[in-house]
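2 protein chains.
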Amino acid sequence: MKTMNKIPITAYKPDGFVRRYQELISKEMIPYQYRVLSNQEPDVEKSNVIANFINAGKALRGEEHDDFYGMVFQDSDAGKFIEAAAYSITNFPNKELEVKIDEFIDLIEAAQEEDGYLNTRFTIKDKNRRWQNLLEAHELYSAGHMIEGACAYYEATGKRKFLNVMEKNVEHIYNKFIVEKAEGYPGHPEIELALMKMYRLTNNKHCLELAQHFIDVRGVDPHFYEKERRSRDWHIWGNNPSNYEYQQSHMPVREMSDAVGHSVRATYLYTGMADVASETSDKELFNACRRLWDSIVNKRMYITGGIGSSHHGEAFTTDYDLPNDTAYAETCASIALIFFASRMLENEIKGEYADIMDLAFYNTVLSGIQIDGKRFFYANPLEAIPGVSGRIPTHGHARITRPGWYGCACCPPNAARLIASIGQYSYSEKDDTAFCHMYASGDVEFKNGIKLNCKTEYPYGDTVDYKINGNGKIAIRITSWSEKYSVIKNGQTVCSENINGYIYIPVCDNDEIKLTLDMTPRFVYASEKVADLTGKVAVCVGPMTYCFEGVDNDGDVFSLYVNTNETPIVEAYDENTLGGTRKIRVKGFKKEAQSGLYSSKAPKYIETDIIGIPYSLWANRGENQMRVWMNEK
Amino acid sequence: MKTMNKIPITAYKPDGFVRRYQELISKEMIPYQYRVLSNQEPDVEKSNVIANFINAGKALRGEEHDDFYGMVFQDSDAGKFIEAAAYSITNFPNKELEVKIDEFIDLIEAAQEEDGYLNTRFTIKDKNRRWQNLLEAHELYSAGHMIEGACAYYEATGKRKFLNVMEKNVEHIYNKFIVEKAEGYPGHPEIELALMKMYRLTNNKHCLELAQHFIDVRGVDPHFYEKERRSRDWHIWGNNPSNYEYQQSHMPVREMSDAVGHSVRATYLYTGMADVASETSDKELFNACRRLWDSIVNKRMYITGGIGSSHHGEAFTTDYDLPNDTAYAETCASIALIFFASRMLENEIKGEYADIMDLAFYNTVLSGIQIDGKRFFYANPLEAIPGVSGRIPTHGHARITRPGWYGCACCPPNAARLIASIGQYSYSEKDDTAFCHMYASGDVEFKNGIKLNCKTEYPYGDTVDYKINGNGKIAIRITSWSEKYSVIKNGQTVCSENINGYIYIPVCDNDEIKLTLDMTPRFVYASEKVADLTGKVAVCVGPMTYCFEGVDNDGDVFSLYVNTNETPIVEAYDENTLGGTRKIRVKGFKKEAQSGLYSSKAPKYIETDIIGIPYSLWANRGENQMRVWMNEK
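Just so you know, the sequences run in chain order A and B. Under our numbering, the first residue of the first sequence carries the number 1, and numbering increases by one thereafter. Under our numbering, the first residue of the second sequence carries the number 634, and numbering increases by one thereafter.
Extracted from the complex, chain A is given alone in its bound form:
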């Protein structure tokens, strides 16, 4: 049953921490990504996204054209870019950018085939191979991202052209899979959640029906991809169609319990499942989502909100396998986890979902982006070893500094669209209740008439001040890591019960509410079931996991031991440190350098202070050691 609705993208005006990141998206990332997509940025992996649409249009008109360039899912970058830009211009209007997007949308429209099909790769070079390779060709995945982009641009600007294009495309897909009953389901889930977005925006029942269909048929015939493979004489990468878990064909979705396979495919799927479950009150489907959620957050998630431990298949592996230095923890997977969490919240209001949104956002999503907004991590390891990380084959994926772009460039535009729309994850509403999930500074106008101003230094400050206009209730999330907290309304302590992580407070005009959380730095210990984390301790402050870099610690964090008998101290926020942050200072010991690889001489330890920074800000100062989980002493 649907518990709440997102606020419109235009309903939130950011301030504070969120505004700073959204400004970075607006000023740096979006223009940078446009330059990359239009092949104007030197010294990065070539993108060619816009040129692909131009060439597809030319191909349709029978004009001379260049070949398609890039990954088979290159179009998805167009969808994600427009989506991010659309969100961005709602708060940072940019007429010049809007003109560019409108022109781009014209190119997209011109690249759509008459029957509604839209995919530059197959229009340019493989017209007769449409829909033959659901395993690898990503046609439904790319369509999904384009649908999301179209919805966002319509929401942000009221302009309907792109949405029209994509509605026509959805109708084409509907005809293919529902009317003509084509077999199969997306090799890379994504369209399910996109269709649900379009359904909520347009109320087009075909969207819901199609999303439900793809979810219902998945895994019912686990051998579908093998049959498909046998039916065609071509492939893209030669993916193994029997790699059931990788492509989520291993069982019907309602039977799933363990989070397995490619972590982004998996979590996009779970998001679509949760979307459909809330819209259709499908209990069985929701129960599967709940089991999968538990599998992720209780057994397969890093303390940074990273998921997918292994670069082999970019995948979940098994319970409690969470290596630090070889972690994959793709930026996109944490974004997908936030999507999943937000949809779980729409099924049941529980603070744990918002906790994970916070965790993934303030750690792995933000660590995906360099502070200048121009370089990006794909994998987000929890330990960096100079000479090893990013260098030797076992650690090739675990880069120690962010590259400028990727041949497979899913992460940068994904982070941009998430950050630019974080207001929609922070606030939602149901009837007369305004929900405050993440503490996003700024102004919000709910459809139910409540207007709210939120002021906070969160994730650095421990207080959140709300000023209310209108009447109704506000539901404020209490974080699970803050055992102590207080809620004060107009100077009076609110004693409302904490119901599943939320305090519900009746409000009327001019009410002022102050939430105070316990942001005392805390040591965090991992279950002894995680072999790699035994004997280790991490430090968290509020939603932020901290890390320790060589550059703050005489070049060497591996010889440091944290003294957990002494409480860590948070230093003052300094806007000149790493674009604005605060360090922590932890008491500890440094092992004196040992001579020889192995020695039976007992090591000597010297007391020392150990300096940490938020994990999200690591690798902004060149190659150096980094460690989240420190040795304890």
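Think of the hints as simulated: they come from the structure by calculation, not from any bench. Do not take every clue at face value.
Here are the in silico distance ranges between beta carbons for each label pair [to be verified]:
| no. | chain 1 | residue 1 | chain 2 | residue 2 | range |
| --- | --- | --- | --- | --- | --- |
| 1 | B | GLY1255 | A | GLY396 | 33 to 41 Å |
| 2 | B | GLY1229 | A | ASN510 | 48 to 56 Å |
| 3 | A | GLU623 | B | ASN638 | 30 to 38 Å |
| 4 | B | ASP1189 | A | TYR605 | 25 to 33 Å |
| 5 | A | ARG585 | B | TRP870 | 47 to 55 Å |
Glycine included, C-beta positions come from ideal geometry on N, C-alpha and C.
Once you've looked at the hints, dock chain B against the given chain A.
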């Protein structure tokens, strides 16, 4: 300059610990391997080694025959098997086995081509592709093992047929590479050390010349394999000819400093280099060996004597990269390290070489073999995680129990031949000096007239008793881990200087010498440069590294912490424990089970005893946790 000579294989009669293992080789491994090689052992990977020789002979005679089966280097298993069997029958005569080997040698002889070429794969199926693919085809590698087998069988039995065959084969290779000046060098080094063995046995100068040639030309043209690849239209696996380090083509050998590439290829090469250096007094070559030695033992070796950290290319990686759970540490690589160490000893008499022979032998070589002699490890990880080790892709190679055989079966026969000939590594001689490197119980007859009886429980006992017959000197190695030791001759303390790890003692008839070492268990710490080993401690007793298995510790060693303030206690030797061993008991703490994946509740610890066994004996009691490096508290 050659410092000493090996003793003949027949000069040592084993007793005690060595005898126990050599008996296992004789009674279990050799018959088992014969059954495997002749396809008589059910439920293991098919070998077909003997059938390949039969079919090659038939092919040569123009008879109908089956196809070649197995790896391109399948013949090498014949060489290693005969070598192991030859050593074995010197101390455990076995007429039936000898008959089988003689019959096998007849088959080998019949499989040799007229011009001396001998390789069943190319004789059976690719006659016209001989010597076209040094990169992958392993013709020189297989020949090397066959040469070693032939030398051993001649040494053990005086029978010359196999040696004749291989001398003819060497002459064929000599013609090819020296007379006809064929370009290139072995893709997998091995023949260099084999040729040096044959040279020492037969004094055939072509052997020395050929070994020198292969060493001298290696890497001088690093692009040789690329040219070779371009010159042929076929391949075996499609190895990348530009993978210079992998195949040791990256630079001329005299310029090498870092141990890189496939660890067995590398260390076989270094062995051959050290062989040639000692025979030819090639200082420059020896200096390269010394740099490579330092690179291995000071920066790239596990505490178990394992080398080659990564399963990617079965290779050395970079300094201080020594992960535990994903360690490759191939059994063959530790065997190669013993070879290399023994040849370094022939260049300069330093105890450090014998220390590493001990370390590799008593830990990784012996861990390669199940105590019943019938199952074998290829990779020897230092941590086993049930559900992860051997299961998920990053850990697929790191099996948690020993398989019965391997498609690529290099390790089992390699371990057999090493163990069966360990006397030759334990003792050597030069002029009137008898060297005692490893403390191998038994009787030795040196060519210089000294006869020696060695009695010891080593590696379990701390005393070694020598009884001497004859006159001269004996040089007894003092282990580096034993800071305290005493040497008593006929009741009198010997005060001779420890010269590079050896005590030189004049002896005459009936002298009795007792060496006492300090076998107190010791904690060992790793350099802080090894990221994976920070905060960890290992326990060693004498040459043995200990490990901790779940089966001895309530199923869970990951939650255990060693208390390094309390000295570990060695339990009594028990011949019924794991085929005869002794456990250790270490004081420590057990972390109480934590609820949840992450918790900010400070963990509770309960005092507990922790039980360890020698690393070499792990995985003999089913799947369970194992850890060498324990958390310290």
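For this session: Hints the structure violates: just list their numbers, smallest first.
Result: 2 and 3
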